[in-house]
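Enquirer: Single-letter residue listing:
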Amino acid sequence: MRKLVLAAMALFFLVTGVFVVWENYHKPRLLVLHSYGTDYVWTQGINEGLKRVLGKNQWLTVRYHYMHTNRFHSQDELRRASLAARRAVEQFRPDVLLAIDDHAQDLVARFYVNDPHMKIVFAGVNGEITPYGYDDKAKNVTGIMEHKQFKPLQEMLTSLWGNQGRPPRLAHLSDCSMAATTDTAEADKFDWAPQVYVGGFKVADFAAWKKKALELNGQIDFLLVSGYRQLPYGDGKKGYVPPDEVMAWTLANVEAPVVGLNAFNSQDGAMISLGVSPYEQGQIPAQMAIDLLSGNKTIGDLPIRPASQYVISMSQQALARYRIKPPQVFEAFARATNNYFK
Amino acid sequence: MTDHAARQKALTSHPLFSGCRSLDLARLLPHVREVHLEPAAVLFKNGDPAETLYLLADGSLRYSIRGLEAGHPSVLGEESVLGLNGYLGEAMAIEDCRLWTIPRRQLATLVKECPGVRDRATASLAARINGEPIPLPPVVADQGGGSWRELIGWLLSTLVPLLVLYGLRHDPLLTSQHSRYYLAILSSVAVMWVFRLLPDFIPVLFALLALIIFGVASPDTILSGFGSDSFFMALSVLGLGTVIRASGLGFRLLLLMIGARPHSRWWHNFCVFMVGLILTPIIPTANGRISIVSTFVPELLGEGNKERRLREAGRLTISSLTGASAFSAIFLSSKSINFLMFGYLPEQEQLRFQWTYWLVAASVAGLALLLLYFALWSVVFRARNPAPLSRATIRSQLSTLGPLTPSELAALGGILVFAGSLATSAIHRIEVPWIALSILFGLLMFGFLQDKDFRRDIDWAFLFYLGGLTGMVTTMKEVGVDQWLAVHCTWLNQYMLHDMHLFIALLAGVLFLVRLVLPINAASVIFLTLLMPTAVAGGVNPWLIGFMVLFLSESFFLPYQASYYLQYCSLTGYGYPEQDKRLVPFNLAITVMKVAALYLSLPWWHYLGLL
Chain A
0 MRKLVLAAMA LFFLVTGVFV VWENYHKPRL LVLHSYGTDY VWTQGINEGL KRVLGKNQWL
60 TVRYHYMHTN RFHSQDELRR ASLAARRAVE QFRPDVLLAI DDHAQDLVAR FYVNDPHMKI
120 VFAGVNGEIT PYGYDDKAKN VTGIMEHKQF KPLQEMLTSL WGNQGRPPRL AHLSDCSMAA
180 TTDTAEADKF DWAPQVYVGG FKVADFAAWK KKALELNGQI DFLLVSGYRQ LPYGDGKKGY
240 VPPDEVMAWT LANVEAPVVG LNAFNSQDGA MISLGVSPYE QGQIPAQMAI DLLSGNKTIG
300 DLPIRPASQY VISMSQQALA RYRIKPPQVF EAFARATNNY FK
Chain B
0 MTDHAARQKA LTSHPLFSGC RSLDLARLLP HVREVHLEPA AVLFKNGDPA ETLYLLADGS
60 LRYSIRGLEA GHPSVLGEES VLGLNGYLGE AMAIEDCRLW TIPRRQLATL VKECPGVRDR
120 ATASLAARIN GEPIPLPPVV ADQGGGSWRE LIGWLLSTLV PLLVLYGLRH DPLLTSQHSR
180 YYLAILSSVA VMWVFRLLPD FIPVLFALLA LIIFGVASPD TILSGFGSDS FFMALSVLGL
240 GTVIRASGLG FRLLLLMIGA RPHSRWWHNF CVFMVGLILT PIIPTANGRI SIVSTFVPEL
300 LGEGNKERRL REAGRLTISS LTGASAFSAI FLSSKSINFL MFGYLPEQEQ LRFQWTYWLV
360 AASVAGLALL LLYFALWSVV FRARNPAPLS RATIRSQLST LGPLTPSELA ALGGILVFAG
420 SLATSAIHRI EVPWIALSIL FGLLMFGFLQ DKDFRRDIDW AFLFYLGGLT GMVTTMKEVG
480 VDQWLAVHCT WLNQYMLHDM HLFIALLAGV LFLVRLVLPI NAASVIFLTL LMPTAVAGGV
540 NPWLIGFMVL FLSESFFLPY QASYYLQYCS LTGYGYPEQD KRLVPFNLAI TVMKVAALYL
600 SLPWWHYLGL L
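Here the protein sequences come in this chain order: A and B.
Per numbering that gives the first Met the number 0, the very first residue in the first sequence carries number 0; after that it's consecutive.
Per numbering that gives the first Met the number 0, the very first residue in the second sequence carries number 0; after that it's consecutive.
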């Protein structure tokens, strides 16, 4: 009898083990690969969007990997981030790789283009996608673009400027990061007429930022900013200048109101910002991933989409400094989306 | 003196009960009876049922065995303590006697709680039979156990947190009162560890309690370590280690290895070293491994010339200790403190450094240490004398062990399932902690690990320590103290980031000094807590820094620096530095070899992208 009981126990153990392995093996896997870290407001917003969709789907295994290239982006650090992320992909072997922002595409996802066992959904790409191999030959790639919303921005600036007898003059100032370089190129290409676009300026360090910003005094009515988180001090001191410090100096020394191209710019101090919605950059690719993993749709059914939603954010302190009263609907929108900063 | 007071004094002052708790003696007291004997009255005869223990209060008795007088004892009837059926001798009063009696049944209860009573009773009876003086230890009055170290430690553990609170009250980087409370509590705990005021896990209990009461973070966060992957992995590996250790599989492996080749001293040392190394990933405590390899040392030494034996003991000490301990950092599962380091890693690094990749990343350091060790060993410990142990002895030992027992098979099965699961992880994709937990479930389910062994043999104190510390690190991140530490350790970051060579030298030097006063676990915890958040903040791979701390902390040159070294000396009677002058320099050389092994690993870590 004892032997029979032992055999029954062994059967129970074996069947349970096989079932667990079988279930685990067949559970769809999604790897969310962020270029940045959770200390970045942009990443937090995207994660919020991802959760809205993925939180309702418990039938898949989701794993997150952060490359932290917002803080560590020297050539050597990018090499390490790339190796670590590719190790995570190889180890997890996801069915869908959801790669967010440019470094995730450039350092990782492009190596899996046309991988027969993996599909790529990208988000947060604000430049061209062809450098990553996401062209007509790529049969396993879809996603959502993150092109800056210049048209609504232009409308917002017109509203803020009012009727002063001449169109406002604008300039774009940024660091030399990958995203900021793309933003500058896009801003340069955009047809700003009737507003006067003085130019886009990329600077190497904080000293150059200060110099250029002071030069622009008197030449512009709005200073557009997007990337300033990768500004070295430029005076021999190591590390990057904290973004709130950059913005505090800029607000104190630049006569023109500072307008952000990302929603989080106003958290740093920019007077008003209009940026691509991070929630949309999370929600849309998450839904695409769910559609692919559930088998409801194929890559062919899911064309690459442009960003269509944006958010407005404001800094009450900066608005008061420039004595600008934005339309109430802007303020209500910013408050409703928790983007009104005091 | 009243009757009750006299009875109480008889128990508490008698050397037989030395070391027993007051609680146990108080329970025994109602069963103590007083008896009187007239002169020439017989207390008991040879063969009478041994139902009572007698303590002489007044008078004198004569004790004899088989007609031969064996002294005038003050305690009689130890047979009742030892569980013998009858008394071995005869006791008769010489004059009026007053005795205290204690019944056998109550003695059995006492022995369960205070096993030393049985040892002392055995020694007392044996000495009387041999006509020797009775060796009962004198009762040592309780001196309170205090020391200057403890006094200073407790005063500092009160004062330092207050100073921390005061000193940091205007620190601009500490944005909340919670972070200041956290640092104050941490400083108090660090003082308790440094001064060894309490067992390691108790200060952690204090920290958890204080963090919750001061509302530094939510209880969910503070206690999150008890639900972490590393907690369950440690629990499971400790469970498997218990079964392996208790099954005797390690001892059988040692016998098989020693018997596999013609005997030579070199081969014996190699076997002892290799068995320690083989057991390293599967028995998660260095003490457990030492207890297995050291059992063979006296037999390998044999009898004969003392000087020669001491020289061989030196060799075997180095082989045993190095094999069982020096490679602890190479395998995730070889030491409980490794699980703590694992728990300190950010989540995605935990997923990366599961068992196999940990080994891959540490492999060059391990290999370099192995080669350097054998090179130096063969120079310092050349052995030309023949070995004393015969193959026939080994064969008879193996024959006595018989075929593999079910426990050994279960232990072997557990190891094979674990290894197999790691090898096939690409297919099943189950994380290592849950594989380990499944094996533990299997061992418990099939009864290879009994529930009483589960309660008794698993180091629950360590698990509490692990869970508590992991939760403390999570709390540290939540209140921003990790960032504060990172800012204050920027200079260290610079070395980590820009001059790893210098950083390794600095770390080795500081750890060497710290290890003179702190035990391995406390030194590791303090350095891991300080350096790993700094590494994360500075963009340095935290595993790398954690590994270096673990690898370098596991160094010693005197027995007091490592509990398993003391254990080895106690189990074998050998290994003391004064017995062989080569021991201290060799152990120091191993520390140097470890530093060299780290330098040799740098290109490998660069290749893996960890550097």
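Everything labelled a hint here was simulated from the structure, so no lab data went into it.
There could be a bad hint or two in this list.
The calculated lysine to aspartate or glutamate pairs, modelled on EDC-like cross-linking and capped at a C-alpha distance of 20 Å, are [what the hints assert, rightly or not]: (1) A:Lys136 to A:Asp105; (2) B:Lys476 to A:Asp38; (3) A:Lys26 to B:Glu430; (4) A:Lys236 to B:Asp498; (5) A:Lys209 to A:Glu254; (6) A:Lys237 to B:Asp498; (7) A:Lys50 to B:Glu430; (8) A:Lys209 to A:Asp243.
Since this is a predicted model, take the numbers as computed values, not measurements.
Enquirer: Check each numbered hint against the structure and report the violated ones by number, ascending.
Expert: 7
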